[in-house]
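Sequence order for the protein chains is A and B. With this note's numbering, letter number 255 in the first sequence gets 297, and the count goes up by one each step, no holes. With this note's numbering, letter number 11 in the second sequence gets 53, and the count goes up by one each step, no holes.
Hints listed in this document are in silico derivations from the structure and should not be mistaken for laboratory results. Incorrect hints may have been included.
The list treats identical chains as one, so a pair stands whether inside a single copy or across any two.
Unchecked claim - In silico lysine to aspartate or glutamate, DMTMM-like type, Cα no more than 25 Å apart, as pairs:
1) 300 to 329
2) 394 to 148
3) 300 to 327
4) 168 to 427
5) 168 to 179
6) 168 to 374
7) 300 to 447
8) 531 to 480
9) 393 to 422
Number of protein chains: 2
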Amino acid sequence: ANAAGRHPHATIGIEGHAVSVAALDAAAGRAAAGFRALGLAPGDRVCLVMPASTEALHAWFGLAKAGLVEVPLNPAGGSELLRYCIEQSGATVVVCDAGREAMVRELIRDVEAVRYLVVAGGGTPKAAARVDRLAFEDVLAHPEGPVHEVDPASAAVILYTSGTTGPPKGVLLSHRANINLARHTTRLLGYTANDRLYSVFPLYHSNARYCSVMAAIEAGADLVMHRRFSASRFWDICREHGITAFNYQGAMMSILHKQPPRPDDADHPVRLGFGAPCPPEIFADFERRFGVRLTEIYGSTEVSIVTDMPPGDRRIGTAGNESENYQVAIVDDQDQPVPSGTTGEIVVRPKKPGWMFDGYHRMPGATAESWRNLWFHTGDRGQLDDDGFLTFVDRVKDSIRRRGENISSWEIERVVGGHPDVAQVAAYGVPSTLSEEEVMVAVVPREGRILDPAVLIGHCGGALTSFAVPRFVRIVNALPMTPSQRVEKYRLRAEGVTEGTWDSQAGTQ
Amino acid sequence: ANAAGRHPHATIGIEGHAVSVAALDAAAGRAAAGFRALGLAPGDRVCLVMPASTEALHAWFGLAKAGLVEVPLNPAGGSELLRYCIEQSGATVVVCDAGREAMVRELIRDVEAVRYLVVAGGGTPKAAARVDRLAFEDVLAHPEGPVHEVDPASAAVILYTSGTTGPPKGVLLSHRANINLARHTTRLLGYTANDRLYSVFPLYHSNARYCSVMAAIEAGADLVMHRRFSASRFWDICREHGITAFNYQGAMMSILHKQPPRPDDADHPVRLGFGAPCPPEIFADFERRFGVRLTEIYGSTEVSIVTDMPPGDRRIGTAGNESENYQVAIVDDQDQPVPSGTTGEIVVRPKKPGWMFDGYHRMPGATAESWRNLWFHTGDRGQLDDDGFLTFVDRVKDSIRRRGENISSWEIERVVGGHPDVAQVAAYGVPSTLSEEEVMVAVVPREGRILDPAVLIGHCGGALTSFAVPRFVRIVNALPMTPSQRVEKYRLRAEGVTEGTWDSQAGTQ
Ligand SMILES: Nc1ncnc2c1ncn2[C@@H]1O[C@H](COP(=O)(O)O)[C@@H](O)[C@H]1O
Chain A
43 ANAAGRHPHA
53 TIGIEGHAVS
63 VAALDAAAGR
73 AAAGFRALGL
83 APGDRVCLVM
93 PASTEALHAW
103 FGLAKAGLVE
113 VPLNPAGGSE
123 LLRYCIEQSG
133 ATVVVCDAGR
143 EAMVRELIRD
153 VEAVRYLVVA
163 GGGTPKAAAR
173 VDRLAFEDVL
183 AHPEGPVHEV
193 DPASAAVILY
203 TSGTTGPPKG
213 VLLSHRANIN
223 LARHTTRLLG
233 YTANDRLYSV
243 FPLYHSNARY
253 CSVMAAIEAG
263 ADLVMHRRFS
273 ASRFWDICRE
283 HGITAFNYQG
293 AMMSILHKQP
303 PRPDDADHPV
313 RLGFGAPCPP
323 EIFADFERRF
333 GVRLTEIYGS
343 TEVSIVTDMP
353 PGDRRIGTAG
363 NESENYQVAI
373 VDDQDQPVPS
383 GTTGEIVVRP
393 KKPGWMFDGY
403 HRMPGATAES
413 WRNLWFHTGD
423 RGQLDDDGFL
433 TFVDRVKDSI
443 RRRGENISSW
453 EIERVVGGHP
463 DVAQVAAYGV
473 PSTLSEEEVM
483 VAVVPREGRI
493 LDPAVLIGHC
503 GGALTSFAVP
513 RFVRIVNALP
523 MTPSQRVEKY
533 RLRAEGVTEG
543 TWDSQAGTQ
Chain B
43 ANAAGRHPHA
53 TIGIEGHAVS
63 VAALDAAAGR
73 AAAGFRALGL
83 APGDRVCLVM
93 PASTEALHAW
103 FGLAKAGLVE
113 VPLNPAGGSE
123 LLRYCIEQSG
133 ATVVVCDAGR
143 EAMVRELIRD
153 VEAVRYLVVA
163 GGGTPKAAAR
173 VDRLAFEDVL
183 AHPEGPVHEV
193 DPASAAVILY
203 TSGTTGPPKG
213 VLLSHRANIN
223 LARHTTRLLG
233 YTANDRLYSV
243 FPLYHSNARY
253 CSVMAAIEAG
263 ADLVMHRRFS
273 ASRFWDICRE
283 HGITAFNYQG
293 AMMSILHKQP
303 PRPDDADHPV
313 RLGFGAPCPP
323 EIFADFERRF
333 GVRLTEIYGS
343 TEVSIVTDMP
353 PGDRRIGTAG
363 NESENYQVAI
373 VDDQDQPVPS
383 GTTGEIVVRP
393 KKPGWMFDGY
403 HRMPGATAES
413 WRNLWFHTGD
423 RGQLDDDGFL
433 TFVDRVKDSI
443 RRRGENISSW
453 EIERVVGGHP
463 DVAQVAAYGV
473 PSTLSEEEVM
483 VAVVPREGRI
493 LDPAVLIGHC
503 GGALTSFAVP
513 RFVRIVNALP
523 MTPSQRVEKY
533 RLRAEGVTEG
543 TWDSQAGTQ
């Protein structure tokens with residue numbers, strides 16, 4: 043609201059629909075009153091199942107103004123995952139777009155806590171059902187009510203993340219933590235009202251939310267968002283929109299760098315790129331060829347930006363060194379610090395209040411476990427050099443990272459394991475040629491059955507987020523197990539894509 | 043075991059019964075085998091309900107060697123409290139002394155998890171009952187079995203503490219944390235095999251356990267323990283036993299200082315006192331008159347020793363400054379650090395692994411709450427001066443501190459509130475003339491009933507730990523409440539002992 047006052051004319055455009063910050067602020071005021079009129083009290087959760095859109099922005103900022111807790115979910119998420127998150131959040135309201143109404147109705151059929159379904163963008167009201175249906179347009183048409191004082195330390199949002207083994211965990215973030223991340227980004231990149239930012243990241247992830255939308259509002263910059271990354275049109279889009287800075291993840295950079303060189307590769311207003319991890323072997327060449335300067339950081343949904351690149355000493359291949367907000371250390375499995383140059387788990391702790399997450403929603407055990415010895419255990423492995431520069435190595439945690447998305451092994455194993463011919467399954471990541479990982483499963487067929495990988499992949503279709511559908515399927519007689527009967531995924535990872543492994547993209551590349 | 047090898051002849055004497063470290067080590071080996079023979083697996087809990095005794099030491103070290111988790115409880119604890127702790131610990135075995143068998147049998151009647159009752163020191167086996175009865179002597183007579191490798195990072199003990207509102211919480215401590223505290227104490231005080239320590243503290247509290255018993259074993263010093271503190275005989279006892287160092291809490295020091303001066307006040311081998319908080323106004327005089335040097339620390343069961351007095355710069359009235367093991371800070375209720383000289387909550391975090399507690403047993407919510415923003419919130423208030431010296435001010439947390447014992451308001455309120463004539467009750471501490479606090483309750487009688495304070499106190503007798511029985515009873519029409527209906531105890535505390543307050547010691551002093 044303060045930022046809206048300073049730069050009311052800055053705009054946020056999503057897929058061609060733009061809204062000014064002033065208009066967003068006004069719409070949010072009405073949405074806040076509309077949500078409150080449903081009888082919701084501060085702290086109540088509201089799930090959003092909708093693609094990036096100006097409606098999604100209205101809902102986000104409306105909920106924030108009302109002191110309600112937003113739970114933005116991946117609208118392309120598998121049904122298993124979506125249902126789990128809606129239920130686990132304890133939300134009483136779900137907001138979706140008209141195209142997803144039928145799917146969402148089916149999902150929430152047995153989720154008792156949900157009392158309202160709010161549908162944006164038309165659709166035909168269906169009778170029946172336990173939940174009340176409202177049009178989001180009616181929520182938004184509510185006369186602006188009294189302004190609620192929202193405690194900056196209170197929960198603003200729950201972002202589901204698939205860090206470690208088991209179901210996804212809901213990362214609780216306060217208003218203050220979100221604002222701090224936005225300001226940190228703005229300062230780090232030096233954004234001003236003359237900037238025009240670009241993002242292709244989803245609105246249910248902290249990157250687009252705080253390092254683009256809120257950072258732009260803070261700086262008074264404009265922001266352009268698209269739902270998809272187009273490698274061939276990327277620089278044309280930047281030229282067309284007068285983009286000065288963009289956010290990236292590793293695979294984007296590899297793909298852009300693989301495009302055939304063009305004489306106008308550096309002929310655009312873009313001067314900054316922000317993200318991680320741009321493969322070190324292309325880093326310098328990328329900067330030179332496209333005439334941009336890249337800034338890398340290390341962080342996560344839980345701890346925002348932990349390390350960043352000091353402008354004077356970037357050390358390519360590292361994610362920079364300790365920011366002013368966090369301590370970072372590398373420890374062994376007894377939490378003992380290891381010497382510099384040695385790989386261990388990356389652990390972090392805040393130097394100031396108001397930066398870190400407040401815990402995993404309704405998972406105090408997982409929260410305390412991740413906070414043991416009063417360090418947050420990131421589940422990532424890395425090294426520090428003698429000057430405190432961090433090199434990311436790989437992940438301890440059981441999640442797969444594909445093109446900036448964290449994918450839960452748990453989710454894949456649930457769905458693949460649900461196929462009647464599957465006895466056992468392990469999902470894991472194998473290195474991608476682009477950056478980060480590709481999804482792979484090792485599957486033990488049920489005795490006497492023959493498994494067709496293509497059929498198995500077809501089975502995943504409806505139930506899994508599209509980007510979680512395995513690319514590689516390996517059929518094995520048995521999974522390697524520890525004495526305590528845990529699957530030794532590190533072995534499977536080390537074996538990688540074997541000769542007999544089936545590749546769903548074999549024909550397409 | 044290692045320490046036993048270095049100083050096998052050092053002795054620990056409790057109430058006149060001494061055991062050498064070598065004999066303790068051997069007994070512990072047999073007890074370990076005996077406990078394991080009950081079918082217990084590493085991590086299983088065993089409650090001890092027995093006074094300080096050599097049997098209690100055998101049980102303690104036997105459980106440690108077996109990798110079992112010891113849960114030493116206050117044997118004089120109220121039945122409500124004891125039953126709660128046995129049940130909450132999930133113990134399968136309870137060990138008690140013969141004198142407490144009947145009481146303990148009654149307590150565990152409905153605690154399903156308990157399968158064995160082990161009785162030390164004779165008594166007549168009763169038939170019947172769900173639990174198997176064993177003689178501790180038979181457990182101890184077990185031939186020593188194979189040595190179990192115990193992971194130093196695994197849980198050694200659960201110590202119940204009444205930190206904040208609500209029921210007591212079980213502080214989980216690892217073997218490593220206990221050894222670290224013992225070594226820290228030994229180093230801080232400079233104990234050697236020539237020392238002879240003295241303690242009157244109970245074996246269910248970390249002070250006697252790690253700053254006396256294990257510190258003595260580490261140093262190869264002898265240790266003398268008594269169950270009660272005698273002011274009049276204190277220095278005679280020290281002379282008789284050749285004591286060189288003793289542990290104290292505040293009230294002990296006031297009481298000793300109030301004794302009429304004697305010409306032989308400084309004629310004894312004692313050179314060191316270790317504890318907190320000796321009232322600052324008597325500190326220097328105490329040292330001079332009794333010829334001892336006092337060392338004060340700040341710490342708790344959860345975090346052992348946080349600050350200690352550097353020998354060269356003691357700053358009387360403070361608890362010293364940051365030890366090498368912990369960071370300490372003073373924060374406001376938003377976790378924001380306050381300037382030096384300002385009072386706020388004392389928060390601490392370890393600089394190294396293996397010093398702090400591993401959480402509250404089966405209370406992940408309370409654990410995560412106390413660890414928010416990755417600082418341990420002590421529930422105490424204090425100040426730091428410009429050089430980082432800590433002055434303790436008072437407690438935020440809802441417990442009462444009387445003569446070194448933490449008393450749970452929750453426990454007192456449960457028992458007093460259980461009286462049929464009581465509508466509402468609040469328990470709190472009021473300053474004691476000795477040091478620390480006395481227990482006080484404000485009680486609202488049920489409509490139409492007249493409450494006799496003496497009857498109320500009688501009602502507390504059986505159910506409350508003796509030291510938790512209120513000294514002061516104040517009858518009121520209503521308790522001061524916050525808008526959110528929490529009792530404003532700080533108001534009651536500020537009003538203190540009012541004119542109409544009933545004092546159970548009025549006649550006796
Ligand atoms: N600089 C980096 N290099 C490589 N991976 C990173 C880097 N920063 C973050 N990540 C990965 O992204 C995860 C955080 O994902 P998220 O919570 O979705 O933001 C981290 O836990 C890492 O696994």
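Hints versus structure:
1. Proximity of residue 300 to residue 329 under the C-alpha cut-off of 25 Å is restricted to the intra-copy arrangement: shortest distance 14 Å within a copy versus 79 Å between copies.
2. Taking the closest pair of Cα atoms, residue 394 and residue 148 never come within 25 Å of each other, the shortest separation being 44 Å inside a single copy and 51 Å across copies.
3. For the identical chains of this complex, residue 300 and residue 327 are intra-copy neighbours only, at 11 Å inside a copy versus 81 Å across copies, given an alpha-carbon limit of 25 Å.
4. Taking the shortest Cα distances, residue 168 and residue 427 never come within 25 Å of each other, neither inside one copy (61 Å) nor across copies (67 Å).
5. Taking the shortest Cα distances, residue 168 and residue 179 sit within 25 Å of each other inside one copy (17 Å), while across copies they are farther apart (75 Å).
6. Taking identical chains as interchangeable, the C-alpha atoms of residue 168 and residue 374 are never at most 25 Å apart, the minima being 57 Å within one chain and 52 Å between chains.
7. Taking the shortest alpha-carbon separations for residue 300 and residue 447, only the intra-copy value of 21 Å comes in at or below 25 Å, while the best inter-copy value is 70 Å.
8. For the identical chains of this complex, residue 531 and residue 480 are intra-copy neighbours only, at 15 Å inside a copy versus 59 Å across copies, given an alpha-carbon limit of 25 Å.
9. Proximity of residue 393 and residue 422 under a CA criterion of 25 Å is satisfied in both settings, with 20 Å inside one chain copy and 21 Å between copies.
Checked against the numbered hints given earlier, this structure breaks hints 2, 4, 6; the rest are met.
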